[in-house]
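Chain order of the listed sequences is A and B.
The first sequence begins at 1 in my numbering and counts up by one.
The second sequence begins at 1 in my numbering and counts up by one.
Simulated from the structure, these hints should not be mistaken for lab results.
Be careful, since some hints might not be right.
What the hints assert, rightly or not - Straight-line Cα separation of at most 30 Å, BS3-like style, residue types lysine-lysine; simulated pairs: (1) Lys70/B x Lys99/B; (2) Lys51/B x Lys36/B; (3) Lys79/A x Lys99/B; (4) Lys80/A x Lys99/B; (5) Lys36/B x Lys99/B; (6) Lys70/B x Lys51/B.
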Amino acid sequence: SQTIHQWPATLVQPVGSPLSLECTVEGTSNPNLYWYRQAAGRGLQLLFYSVGIGQISSEVPQNLSASRPQDRQFILSSKKLLLSDSGFYLCAWSPGLYGYTFGSGTRLTVV
Amino acid sequence: GQQLNQSPQSMFIQEGEDVSMNCTSSSIFNTWLWYKQDPGEGPVLLIALYKAGELTSNGRLTAQFGITRKDSFLNISASIPSDVGIYFCAGQRSYNTDKLIFGTGTRLQVFP
Chain A
1 SQTIHQWPAT LVQPVGSPLS LECTVEGTSN PNLYWYRQAA GRGLQLLFYS
51 VGIGQISSEV PQNLSASRPQ DRQFILSSKK LLLSDSGFYL CAWSPGLYGY
101 TFGSGTRLTV V
Chain B
1 GQQLNQSPQS MFIQEGEDVS MNCTSSSIFN TWLWYKQDPG EGPVLLIALY
51 KAGELTSNGR LTAQFGITRK DSFLNISASI PSDVGIYFCA GQRSYNTDKL
101 IFGTGTRLQV FP
């Protein structure tokens, strides 16, 4: 069966520090992968999506970047975190039939 | 990015009451989906709708794909405390090749 793993679950980082969040999918190949951010009590904002290895599309200009070094691995990064990068980050993948399946999320607090 | 208009923004109801929420768009979608997000978790798919006019149930949840393809509705009957969370609608124009467009969310609180 297909599963999606996202870690870490929570992270507290100082302003100016680097960031690396990882997402992996099991049980499928060549999935479409997505990174979303959710501010407290707000909706889902699509940050990046990828349809294949090395293929990244950015939805909004920002301090973050994404990479897909392997078929089932999607990484969200930053060289220097800002306070405004705080939020709940969700990885998702598309099973191809309908909708997305989401990971359990990473709560990032930049202090 | 584009978001769907979802209402109400929040609801505070008593256990046992029925709940209705809706989602509207200025453009047509071929798939409508409803997700629920528990606090601190990722959204989980509740119901998927594929055809205009379709009415689909999942336990106490019933969702409808609007006949114009520009709206969808979710009803929850006889609410219980574990219904608490944020409910998101999402629209998709075509399977697999198109990104989901999410609604702004409805936050539901249920009081015993």
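The hints, checked one at a time:
The suggested pairing of lysine 70/B with lysine 99/B holds, with an alpha-carbon distance near 16 Å, which does not exceed 30 Å. As the CA atoms of lysine 51/B and lysine 36/B are separated by approximately 21 Å, the hinted pair is consistent with the 30 Å bound. About 27 Å separates the Cα atoms of lysine 79/A and lysine 99/B, which keeps this hinted pair within 30 Å; it holds. With a CA separation close to 29 Å, the supplied pair lysine 80/A and lysine 99/B stays within the 30 Å bound.
For the hint linking lysine 36/B to lysine 99/B, the alpha-carbon distance of about 18 Å falls within 30 Å, and the restraint holds. As the CA atoms of lysine 70/B and lysine 51/B are separated by approximately 12 Å, the hinted pair is consistent with the 30 Å bound.
In this structure, none of the earlier numbered hints is contradicted; all agree with it.
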